[in-house]
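The lines below spell out each chain.
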Amino acid sequence: MTSRTAKGTPSGSGQAVDTHRAGSDAPFIVTLCFLGGVYVLILVGMLVAEASFTSPLHLIEALGSPEIQYSIKLSLFSCTITAILSLYVAVPIGYLMSRFEFRGKSIVDAILDIPIVLPPLVIGLCLLILFQTPIGRFIESYVDITYAIPSVILAQFMVACAFAVRTMRVTFDQINPRQEQVALTLGCTRSQAFWSVVFPQTRRGLLTAGTLAWARALGEFGPILIFSGTTRMRTEVLPSTVFLEMSVGNIEAAVAVSLIMVIAAVAVLIVARVFGMGISYEGLRRP
Amino acid sequence: MIVVDSLSIQLGEFTLSDISFRIERGEYGVLMGKTGCGKTTILEAICGLRPLVRGRIGLMGRDVTRVKTAERGVGYVPQDGALFSTMSVRDNLAFALRIRKWTAAQIDARVAELAELLGIGPLLSRTPFGLSGGESQRVALGRALAYRPGVLCLDEPLSALDEETREEMYELIASIREHTGVTALHITHNTSEAERLADRVLVLDEGRLVVRDDGACEQSVDETSREEAELGSQEVGL
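Top line first, the protein sequences correspond to chains S and Y.
The first sequence begins at 8 in this note's numbering and counts up one residue at a time.
The second sequence begins at 64 in this note's numbering and counts up one residue at a time.
Hints are not guaranteed to be accurate.
[Claimed, not checked] FRET-style restraints, in silico, Cβ to Cβ:
no., chain 1, residue 1, chain 2, residue 2, range
1, Y, R88, S, W202, 31 to 37 Å
2, S, A29, Y, E230, 44 to 50 Å
3, S, Q199, Y, S80, 53 to 59 Å
4, S, L39, Y, G193, 49 to 55 Å
5, S, V115, Y, H252, 36 to 42 Å
6, Y, G182, S, C40, 35 to 41 Å
[What the hints assert, rightly or not] From chain Y, some residues computed to sit far from chain S (all C-beta separations above 10 Å):
no., residue
7, L112
8, T128
9, E134
10, S148
11, R163
12, Q169
13, G244
[Unchecked claim] Covered stretches of chain S, as calculated for chain Y (at least 3 residues, CB under 8 Å):
no., stretch
14, 183–197
15, 203–215
No lab work stands behind these hints: they were computed from the structure.
Every value quoted in this text rests on a predicted model; they were computed, and no experiment measured them.
Ideal placement from N, C-alpha and C gives every residue a C-beta, glycine not left out.
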């Protein structure tokens with residue numbers, strides 16, 4: 008049997024009182040709060056500064072402008088179409104990537120991240136060049152895309168969809184695959200198992216992916232600038248309006264429009280938080 | 064009847080090879096072994112959820128090696144129950160019957176029959192959320208038995224239950240056997256569970272399967288299951 012005399016170590020009986028003192032947690036917590044707090048303060052400060060820069064009068068004036076009204080309408084329309092299209096693509100890709108192993112999966116995974124890491128202007132340029140190829144020209148011979156409304160939707164979609172895909176993949180990853188396996192043993196095809204067992208569980212993921220894609224599309228500017236242009240009453244969306252108003256020195260209108268975007272983004276965040284995370288089916292049906 | 068003949072399964076780095084055993088019609092087989100030794104993999108292979116490298120599987124006199132999971136006629140009860148969380152208990156029980164396009168009256172009658180057998184009548188309108196471990200496993204058993212499969216595969220269904228609930232489940236399983244005559248393969252690492260339930264105990268140890276009939280004499284696969292598998296081959300046409 009060993010006998011040690013240092014503080015906090017067992018004595019001969021092995022029953023010594025542990026005199027070890029742990030240091031304070033305060034420095035650690037204070038450092039975390041400081042680093043996180045600085046970021047949160049800057050975020051809040053930005054929004055407060057912008058809100059205080061404009062006035063309700065400026066907002067009403069901005070909303071009265073036909074160009075800005077068109078820009079709001081086009082933004083709402085294109086973002087909604089983009090969000091819907093993104094979900095139609097994100098659900099199958101998210102499910103495939105979550106449930107199946109196949110050769111080249113890591114390459115596909117990397118390709119799906121391209122819109123997230125590529126500079127937005129480059130995406131716009133790539134789209135513009137794509138529609139100068141024979142296939143692109145063939146499509147354009149039937150439908151006007153470049154510098155028209157479809158180009159706005161396509162430019163928003165190419166970026167926003169990548170975020171929806173990521174969200175849906177995480178959603179499917181979090182759903183226990185055992186339930187599908189049980190459904191298969193009970194006589195389901197894969198399709199029946201998906202629609203009856205898996206898909207009903209994606210409600211929150213769908214809402215989060217849809218709102219994320221919508222919000223992302225609303226703020227998209229780079230690819231639209233290159234691929235659609237910023238023609239007033241034609242391809243002008245809210246970020247284009249901010250750019251155009253700033254370029255002519257009308258900072259009040261630019262701030263008023265950007266405040267509209269802030270309000271829309273906050274509304275989307277609230278929708279995602281309340282409906283996406285707060286209320287679950289199980290909670291509603293709990294006896 | 065469950066006949067497994069020279070089964071080889073590759074799962075990443077993990078390999079199970081040359082596994083053979085046989086469980087007679089109406090018998091309750093218990094597969095034991097250490098955690099991670101491949102018990103669940105064998106069960107999943109029988110259910111059609113794992114691809115085989117080699118070997119054959121026969122269920123109730125039919126070679127199902129290349130049969131789709133949905134057409135094997137196996138009732139599967141996973142460890143966590145894996146109840147369909149967006150459905151009520153009633154819908155969980157009726158799931159396989161709806162897939163088979165039973166009429167509403169037939170479904171209602173079968174669900175009522177299962178609810179009585181399993182003692183889950185008061186739970187029918189509830190969702191799986193908030194059910195106790197024992198209640199969840201009863202529902203999972205009912206869901207698996209609903210379409211009257213010939214074979215029942217249970218993956219450690221009692222492992223998360225307390226002693227009292229476990230006793231109730233032993234009695235319930237005995238009652239199910241009496242009413243349905245189902246052939247079962249039950250995975251556990253609990254010796255007393257195996258002693259209570261098993262007609263035949265199979266022990267998987269370092270990739271080698273040892274068969275113990277009625278918990279008595281030990282025979283290795285090399286000595287006996289080959290013979291049994293051959294017999295099974297004749298019966299299921301393997």
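Status of the hints after comparison with the structure:
Checking the proposed 31 to 37 Å range against R88/Y and W202/S shows it holds: the Cβ atoms sit about 36 Å from each other. At roughly 45 Å, the beta-carbon separation of A29/S and E230/Y lies within the given 44 to 50 Å, and the hint holds. At about 34 Å, the CB distance of Q199/S to S80/Y disagrees with the hint of 53 to 59 Å. The supplied range of 49 to 55 Å is broken by L39/S and G193/Y, whose beta-carbon atoms lie about 36 Å from each other.
The supplied range of 36 to 42 Å is met by V115/S and H252/Y, whose beta-carbon atoms lie about 39 Å from each other. At about 53 Å, the beta-carbon gap between G182/Y and C40/S misses the expected band of 35 to 41 Å. The beta carbon of L112/Y is not kept farther than 10 Å from every beta carbon of chain S, the shortest such distance being approximately 5 Å. Distance to chain S confirms T128/Y as a non-interface residue, since its nearest Cβ pair spans about 16 Å, more than 10 Å.
E134/Y, annotated as away from the interface, has a beta carbon of chain S within 10 Å; the closest lies near 8 Å. Listed as a non-interface residue, S148/Y fails to keep its Cβ farther than 10 Å from every Cβ of chain S; the least gap is roughly 6 Å. Residue placement check: R163/Y does not keep its beta carbon more than 10 Å from all beta carbons of chain S (closest about 6 Å). For Q169/Y, the requirement that its beta carbon stay farther than 10 Å from each beta carbon of chain S is met, with the minimum near 15 Å.
The claim that G244/Y lies off the interface holds: its Cβ sits roughly 19 Å from the closest Cβ of chain S, which is beyond the 10 Å cut-off. With a cut-off of 8 Å between beta carbons, the stretch 183–197 of chain S has 12 residues touching chain Y; three or more are needed, and the interface restraint holds. Taking a C-beta to C-beta cut-off of 8 Å, the stretch 203–215 of chain S contributes 4 residues in contact with chain Y, enough for the three needed, and the coverage statement holds.
The structure fails hints 3, 4, 6, 7, 9, 10, 11 (numbered hints given earlier, in ascending order).
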